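First to last, the sequence lines map onto chains D and V. All residue numbers for the first sequence refer to this note's numbering, where the first residue is 10 and numbers rise by one. All residue numbers for the second sequence refer to this note's numbering, where the first residue is 705 and numbers rise by one.
Some hints here could point you the wrong way.
As the list claims (entries may be wrong) - Some chain D residues near chain V, calculated using beta-carbon distances under 10 Å:
| no. | residue |
| --- | --- |
| 1 | Gln25 |
| 2 | Tyr110 |
| 3 | Leu114 |
| 4 | Ala129 |
Simulated from the structure, these hints should not be mistaken for lab results. Quick caveat: nothing in here was measured; it's all calculated off a predicted structure. C-beta atoms are modelled at their ideal positions from N, C-alpha and C, and glycine is treated no differently.
So you can see what is in the structure, the chains are spelled out below.
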Amino acid sequence: MSLEELFKEIIIEHYQHPKNQGHLEHPDAKSDGSNPLCGDEIAMELRFDGDRVKDVMFTGNGCSISQSAASLITEAIKGKTVEETKKIMGEYRNMLAGKEYDAELLGDLEALSDVKKYPARVKCASLSVAVLDQALQQKK
Amino acid sequence: MDIERIRKDFPVLSRMVRDKKLVYLDNAATTQKPSVVIEAIADLYRNYNANVHRGVYLLAEESTQAYEDSREAVRRFINANSTKEIVFTRNATEALNLIAYTWAEANIKAGDEIIVSIMEHHSNYVPWFRLARRKGAVIKIVPSRMDGELDMDAYKSMLSDKTRLVGIVHMSNVFGTINPVKEIVSLAHKKGAVVVVDGAQSAPHMKIDVRDIDCDFFALSGHKMLGPTGIGALYAKESYLESMDPFLSGGEMILKVTLDSVVYNELPWKFEAGTPNYEGAIGLKAAIEYLEALGMDTVETYERELTAYALEKMKTVPDIFIYGPLNAAKKGGILAFNIKGVHSHDIGTILDSEGIAIRAGHHCAQPLMIDCGVSAMARASFYFYNTKQEIDLLVAALKKAKEIFGHVA
Ligand SMILES: Cc1ncc(COP(=O)(O)O)c(C=O)c1O
């Protein structure tokens, strides 16, 4: 295990300069969550256009893994259909669980694949998808 | 102190972690165990295991004797008057809850005031918070000063004839601050308030004299002072224990039961319902004897030197902020810190890759985190088996963490 695998440049880049950070004007759905043990916090806001995630923004604070994951995952799902979004989230969860996953579908999110070697940190990486799950349930 | 010889007493300290030698700096969470403790427990199970206070046979006599000898060891260690004043619990948390559900439940009324400090561990805050909610009592919080010490002026101004109970942590598990408990107690007693001292962090690291402190209650955890987990103790002045109703009930805590009456057991067994953790108590006795052989003054002096060294060296880490007193004379070996641009979890993971174990998170002291304006801190905490070389390794690893995350403005 090497630290360079975990803290890849792209992760540090997204941690220090997160994409899609902030609030939406009129979100159709929003949700938040935290890891009580470590204090990581993520809140997501979504706007839909028909079946599509038209826009998504997050706010939060916490470690590099939780915050870069939020940045990367919002990038990955923006403009995708809800169906595709769920597929990406499923593959991402597979990756963190050490199962087979569709690397092509995940794109940059694959940067977080080494988190699975650090069991204590998997919760940090999965916080965003847990929050997204709740938000997607609000879609009528 | 011959540290190299001492370290050999702790088998786990020679373990390799991720191909590096373990550097264990999470002693405020729990301490490692010397062979004498591990062996005392094995000896019980190999040679004389029997339930205590029950059997009429030799093994039971031996196990009961060992259990009660441990109570005497705790009494001696904190200089209580009598073993009647030492109640075994699972840990400090249970000791504090015991007070909340017995003495405080019977004596705190609506409008009464409870004073605690901002530095409390959740275990010396949540029981009082819940009690106050149940009773309609008021909680007042003593703030800390900028230098990480307790604001005694604020404390004095909060004390009033309404104050019924003061809960105070002896040594903060975040700031490391050693609070002036003797003065706190004497001021509270003048107002007729009782004082509960949370000694979970102080008992392992300094000489405790509950008679000199004159506190009414004192809680400690065995696992933080070389003992096994699952054993702790409550010290309470005998007069309080006499007047208090039992906490849990069942076997062991009664003298006589008929279908319509019960007679409670004598002190301290009145407060020890069910088969106690005699294994834990026997381990704790071995731990106390180990500490006594070293000498608590020696432990304290050595740890102070280590803390002063760590404070000096850690200052050289770029963008580090150390919480709590920066004067080693005012604190124990607990250093909470953050490094700008590197979250404490990331620090924890990077240090782990070097074999260094520290804690990251809110340290069960969320009110204090909020007060400091952060959600998490990293914390290194020492015991007498740590060395200056280990602190050098810590500092080098912290610098590495800072490098990985670059120098952000
Ligand atoms: C100051 C303080 N009080 C109380 C406790 C609770 O100890 P335990 O979890 O052993 O009950 C701790 C443990 O972290 C502590 O540091």
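Here's how the hints hold up against the structure:
The criterion of a C-beta within 10 Å of any C-beta in chain V is met by Gln25 of chain D, whose closest approach is roughly 6 Å, and the hint holds. Because the closest C-beta pair between Tyr110 of chain D and chain V is about 23 Å apart, greater than 10 Å, the hint is violated. Taken as an interface hint, Leu114 of chain D does not check out: its beta carbon lies about 27 Å from the nearest beta carbon of chain V, beyond 10 Å. Taking 10 Å as the C-beta cut-off, the interface hint given for Ala129 of chain D holds, the closest approach to chain V being about 8 Å.
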